[in-house]
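Chains as they are written, first to last, in the working numbering: chain A, 40 to 298; chain B, 12 to 653.
Simulated from the structure, these hints should not be mistaken for lab results.
All values derive from a computational prediction rather than experimental measurement.
We put the CB at the ideal spot given by N, CA and C, even for glycine.
Careful: at least some of the hints might be erroneous.
As the list claims (entries may be wrong) - Short, incomplete list of chain A residues facing chain B, as computed with Cβ under 10 Å: (1) R49; (2) F52; (3) L55; (4) T108; (5) P111; (6) M132; (7) L183; (8) R187; (9) A204; (10) E286.
To be verified - Simulated restraints, written as ranges between beta carbons of each label pair: (11) A:F193 x B:R187: 27 to 35 Å; (12) A:G149 x B:N463: 34 to 42 Å; (13) B:I198 x A:D185: 53 to 61 Å.
What the hints assert, rightly or not - Far from chain A, by Cβ distances over 10 Å, these chain B residues were calculated: (14) V184; (15) A285; (16) V289; (17) W333; (18) S462; (19) G470; (20) A506; (21) A599; (22) M615.
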Amino acid sequence: MAILTAEGVRVSFGGLQALAGVDLAVDEGTIHGLIGPNGSGKTTLCNVVSGFYRPRAGRVAFQGRDLTTLPPHEVAVAGIARTFQDLQVFGEMTALENVLVGGHCRGRSGVVGAVVKPAAVRREDTAGREEARAMLTYVGLAGLEDRRANRLSFGQQRMLELARALVSRPRLLLLDEPAAGLSPAMVERLTGILHALRGERGLTILMVEHVIRLVMGISDRITVLDHGERIAEGPPEVIRRDARVIEAYLGSVLDRAAD
Amino acid sequence: MDDPPIEILAQQLTGGLAVGCVYALVALGFTMMLRATDLVNFAQGEFLMTGAYFGYTLLSLTPLPFLAVFVAASLLTGLLGMGVEIVALRPIRLRQSPVLNLIIATVGIGIVLRLLAMLVWGAEPLRYPARMGEGALLVAGLPLSGEHVWIIVLAASAMLALHLFFQRTLLGVAWRAAAHDAATAEILGIGFSRVVTLTFGISAALAGAAGVLIAPLFFVAPDLWLLGPRAFAGAALGQFSILGTMIGGPVLGVLETLGAGYVSSAYKNGIAYAITIVVLMVVAVPRMPAGSALALRYRRVSLADRLGWPPAVAARRRQVAWVVGGLGALLLPIALDAYAVHVLGLILIYMVAALGLQLVIGFGGSIVVGHAAFVGAGAYASAILSLKVGAPFPLALAGAAIVAALLGLLFGPILRLPGHYCAIATLGFGEIVNLVMVNWTAVTNGMSGLSNIPRPRLGPWLVRDDHGFYYLALAVFVVVFAALHRLVDSRFGRALVAARENELAATAMGISVPRQRAHAFAIGAACAGAAGSLFAHFATYISPDSFTLVDSIAFLTMVVLGGLGSLPGAALGALIVTGLPETLRALAEYRILVYGVLLVVFMMFLPGGLADLLPRLVGRALRSPAVPVPAAAEGRGGDPDR
């Protein structure tokens, strides 16, 4: 069952065509890899799915609901959480506060609740903090709760973004190059987390990634973009042998990954 | 109104164009400063005024012709600008202070310049000793004012000179490089500090030139500075590009003149702002890049951290401090005379308003300059509810907060505008609201204001004297402070700060950034409205004069001086801004001068605001200067404005 479908998505910036009618179907409970050479439109597609770009043509549906015209903050409420390729943490806030903000769309309390602080708001607050701490521990940031986000290392900020996205309990997690800039040990850890997320929590993940070993090792299906078009889609074994994909860019990198 | 003959229309057009060209000159100064350093120079209007006075003196004392005086006065103003930049602004910039600190420093510079002018040339408006091109000029069969034509010609020449400077001289090209990318330019050997000084000088010179051109049309008076903010609107209209500004200024001048002639002369001064707000909302908002909120670069280290107190201990000692402070506040009036208590009551009112603005600026990251409009709206609402409806005081107070909040909610979309656009749009909003107070005589009684506003009565307690009023204001202050204190550490407050820190990521977390900002704006407005209500019943008389641009700038000053993002800081800021001129009363007219200088000095030595004073002193005493690391050195996340 496809939880997310994109049909004929077309995006252009000025005269430049970033996506030329791309189709995508992500099955529920799978990890779906999205790869392609630089400038092939992967991040653009991410931004369309999460509502930051409105496509010139085509539609995006999530759990059968049309997302195409939804503003990005409502896409988040609909159950799609994302991380960013270039780190986008709330720099002056602590790690814990960052994760608390991640839980914003699940919270209920408003201005009056914040000022009056009835029992329900206190409960929500306490539960939120506990969950945020647990999530920080889960991604390996235990003990750094009160550290300001812009004082964390690059890799730690990546994991913080992951924790911030997960705490919203999304149905679909959109990861834009989650392993970029991570040390091999942290890539290892990330791989373990992603496996667990799919296995234990049944989370669906759409992942843009350049670390081929990670994508090939973990994805159930892979979509390959080139020049804004989908040139291949299938399980990793098939993608690995696809002539067009190899021609487009993967050849040498794939061989190395296979060794 | 009869259709005016073509001659009148032509005269109005050239008149508008002349004023517009003057705007353009001043606006170019704004644009250049913004492009080079992100700084809105609030003293730009005062440089215009200074240039006009320089021209006045040169024309009076020397036999120089007008043209020579025009050039000389511009150069003098430019030199003055460079001096001011080196002495007052450079030290602040080198400390990595938030850009708002620099803005407030220019406010202080403006105050000093205005007062110096008043001391040297007097407060009375002076008639310009010589003029350019008196009499009519026949152009294409239409009799035009020669004066207007001359202004247009001279302003256009100045702009052409500037254009040639940018395109043809090495310095001009270096400037463009530095404005585009300071870091790279620095590597190439273009000293950024020198570029900034030069830019400030050129900006001031342009304003000075504008002053000499416009002064003959009016009188020379300190009030001339008010042209500065309107020129800023012209720069915003031109999207802060050099060419755009050269077009935006004249367009604004012409529309303003035509609007005054054909729509409403009472609202003449608001027309420029109204046009700017509408155009910005239509043009700038859809193209707005994410991450436009103002970043607070300076990081305060709390007192507890300086002393190394564990959180539990710090929390307990904070409670003790609050209890002691509270008792002190309760007992303070006993030790003071009636006048001091009167001033303290007034200070508490300003504190309430400043707290509301702190939420919007310090936590929300929007630069808002029109806060006095909400104080005024609250004051009028409360006065009218009391006088015309006969509402009891608590209802009038609540009504004032609600009216102001609704006004804030209505104009909340303005806060979608990024940084400086938001500053000029809210400034304009404040000016328009002030004009409404002046002109909606049926409700507000115009400039005469509303008097005989009843003293507050709470049940059996009629607040009659300054002591009673002090306690009433203190109670309101405590309630507002506690409410905001809880609010900033809540789901709502975190979402607001997240939107300030990173608009893109906040949106991805399901936060509607515009809605969040609008709500914060409304809450801040409600605080201002409550303060306005207290003010109305405290003074028993209100008029539009109490809610002007000067007051709005004072509120902004309180927040920045106190320390961005600190509620106690906002209260301290209100204490200093309101209390300092009172304590300096013995200095008579010099007190404003001292106040202006102190403002600049504070910005120089307290980048984290007054909230940072005690922790810094303690830190110094402990010889552990916890030097805050500038955000630029910490990787991404703190990237301001771009």
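The hints, checked one at a time:
Checking R49 (chain A) against chain B by beta carbon gives a least distance of about 20 Å; that is not within 10 Å, so the hint is violated. Interface restraint check: F52 (chain A) against chain B, minimum CB-CB distance 13 Å, threshold 10 Å, status violated. Nearest Cβ of chain B to the Cβ of L55 (chain A): about 17 Å, over the 10 Å cut. The hint is violated. For the restraint placing T108 (chain A) at the interface with chain B, the shortest Cβ-Cβ distance is roughly 15 Å, beyond the 10 Å limit, so the hint is violated.
Interface hint at P111 (chain A): satisfied, since its Cβ lies 5 Å from the closest Cβ of chain B, which is below the 10 Å cut-off. This hint holds: M132 (chain A) has a C-beta 6 Å from the nearest C-beta of chain B, less than the 10 Å allowed. Interface hint status for L183 (chain A): violated, as the beta-carbon distance to the closest one in chain B is roughly 15 Å, over 10 Å. Hint status for R187 (chain A) relative to chain B: holds, with the closest Cβ pair at about 8 Å, below 10 Å.
Given the 10 Å rule on beta carbons, the hint for A204 (chain A) holds: about 8 Å separates it from the nearest Cβ of chain B. Interface hint at E286 (chain A): violated, since its Cβ lies 35 Å from the closest Cβ of chain B, which is beyond the 10 Å cut-off. Evaluation of the 27 to 35 Å hint for F193 (chain A) and R187 (chain B) yields a pass: the beta carbon distance comes to about 34 Å. For G149 (chain A) paired with N463 (chain B), a C-beta distance near 40 Å keeps the hint of 34 to 42 Å intact.
Hint check: I198 (chain B) to D185 (chain A), Cβ distance near 37 Å, so the stated range 53 to 61 Å is violated. The beta carbon of V184 (chain B) sits about 28 Å from the closest Cβ of chain A, which is more than 10 Å, so the claim that it is off the interface holds. The claim that A285 (chain B) is not at the interface with chain A holds, since no C-beta of that chain comes within 10 Å of its own (minimum 28 Å). At roughly 23 Å from the closest C-beta of chain A, the C-beta of V289 (chain B) stays outside 10 Å, upholding its exclusion from the interface.
At roughly 18 Å from the closest C-beta of chain A, the C-beta of W333 (chain B) stays outside 10 Å, upholding its exclusion from the interface. Chain A leaves S462 (chain B) outside its interface by the beta-carbon criterion, the shortest separation being 35 Å against a cut-off of 10 Å. Residue placement check: G470 (chain B) keeps its beta carbon more than 10 Å from all beta carbons of chain A (closest about 23 Å). In this structure A506 (chain B) is not separated from chain A by more than 10 Å, as the shortest Cβ-Cβ distance comes to only about 5 Å.
Once the 10 Å rule is applied to beta carbons, A599 (chain B) is consistent with being away from chain A; the minimum gap is 44 Å. Listed as outside the interface, M615 (chain B) is consistent with that label: its C-beta sits roughly 23 Å from the nearest C-beta of chain A, beyond the 10 Å cut-off.
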